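In terms of our numbering, the sequence shown opens at residue 53 and continues consecutively.
Treat the hints as calculated values from the structure; they're not laboratory data.
Keep in mind that the hints are not guaranteed to be accurate.
Taking lysine-lysine pairs in the DSS-like style, the calculated list, with each CA pair at most 27 Å apart, reads [to be verified]:
(1) Lys229 / Lys255
(2) Lys229 / Lys246
(3) Lys238 / Lys255
Because the structure is a prediction, the values reported are computed rather than measured.
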Amino acid sequence: MLYFSLKCTQLRSVVENLDDNVYLNVPTLHVGRIELDVDNLNADINLNAKVAQLVSINAGVQVGINKVNLTIADVDAELELVVRLGHLVDIVNRVFESLDINPSLINTLNNATSDVTGLLDEVVGEVDGLLGSITQGGNNVRFVVDNLGNIVQTANNSTSTIVGNYAQNMTFTGDSKSIGSGLTQKTYSYSPLKSLVDIVFNKAGQIVQATVQKSGSGSSSSSASGSATASRSATASASTATGLGST
Numbered sequence: 053m054l055y056f057s058l059k060c061t062q063l064r065s066v067v068e069n070l071d072d073n074v075y076l077n078v079p080t081l082h083v084g085r086i087e088l089d090v091d092n093l094n095a096d097i098n099l100n101a102k103v104a105q106l107v108s109i110n111a112g113v114q115v116g117i118n119k120v121n122l123t124i125a126d127v128d129a130e131l132e133l134v135v136r137l138g139h140l141v142d143i144v145n146r147v148f149e150s151l152d153i154n155p156s157l158i159n160t161l162n163n164a165t166s167d168v169t170g171l172l173d174e175v176v177g178e179v180d181g182l183l184g185s186i187t188q189g190g191n192n193v194r195f196v197v198d199n200l201g202n203i204v205q206t207a208n209n210s211t212s213t214i215v216g217n218y219a220q221n222m223t224f225t226g227d228s229k230s231i232g233s234g235l236t237q238k239t240y241s242y243s244p245l246k247s248l249v250d251i252v253f254n255k256a257g258q259i260v261q262a263t264v265q266k267s268g269s270g271s272s273s274s275s276a277s278g279s280a281t282a283s284r285s286a287t288a289s290a291s292t293a294t295g296l297g298s299t
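Start from the sequences and build out the full structure, keeping to the hints where you can.
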């Protein structure tokens, strides 16, 4: 025979400022006889609070029994469990109060996160697509292939300019393979900077991704013939390139 009364107060809103956030009360528990086998019994009470990108809190109480065999007979017991999360509630309250006073903090944090994410994406993209760089007239000129197959020129991290594309300025090496999901990867050579580029096409022949496989020694310290050739080759093609061309 098992009988008891159970009262559980759920976690209330922080604005109510309750003394007890979780209250479990079993005032009367009488057991005639129980035979119980327990295998991995766990009880969790968790608080997970997140306010914008200012505060993230994960706290809780955990009770667990791995494996036990119990025989209980003629037992009277009382149980009371109180969980207080006052300090955590205070932290969240202070955060909300700060946001009430300075609501622009949310926009500032979101903008900062977006700027960092965009910068990381740009850096990763340039590393994957960097064909090479040259020094011309005292300026560091970088050539990058983007995910549309365009050759993009950037001088001293200034405005980027499309100066060509894979169809006009690169040579298909003959290396082609299926990579699944209807995608085909073809390898092209960009001779001015001795780079190999893997370009992935879908079934419609559209470019999905372009990645530099090998970046050669396309870097020089003056306007030497190799540097001038790379620049002229890419720049001259800009006036004649009309599209991405065929694959």
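How the hints compare with the structure:
1. Taken as a hint, the lysine 229 and lysine 255 pair is honoured in the structure, with Cα atoms around 13 Å apart against an allowance of 27 Å.
2. Between lysine 229 and lysine 246 the alpha-carbon distance is near 22 Å, which keeps this suggested pair within the 27 Å criterion.
3. A hinted pair counts as satisfied when its Cα atoms are at most 27 Å apart, and lysine 238 with lysine 255 qualifies at roughly 13 Å.
Checked against the numbered hints given earlier, this structure breaks none of them.
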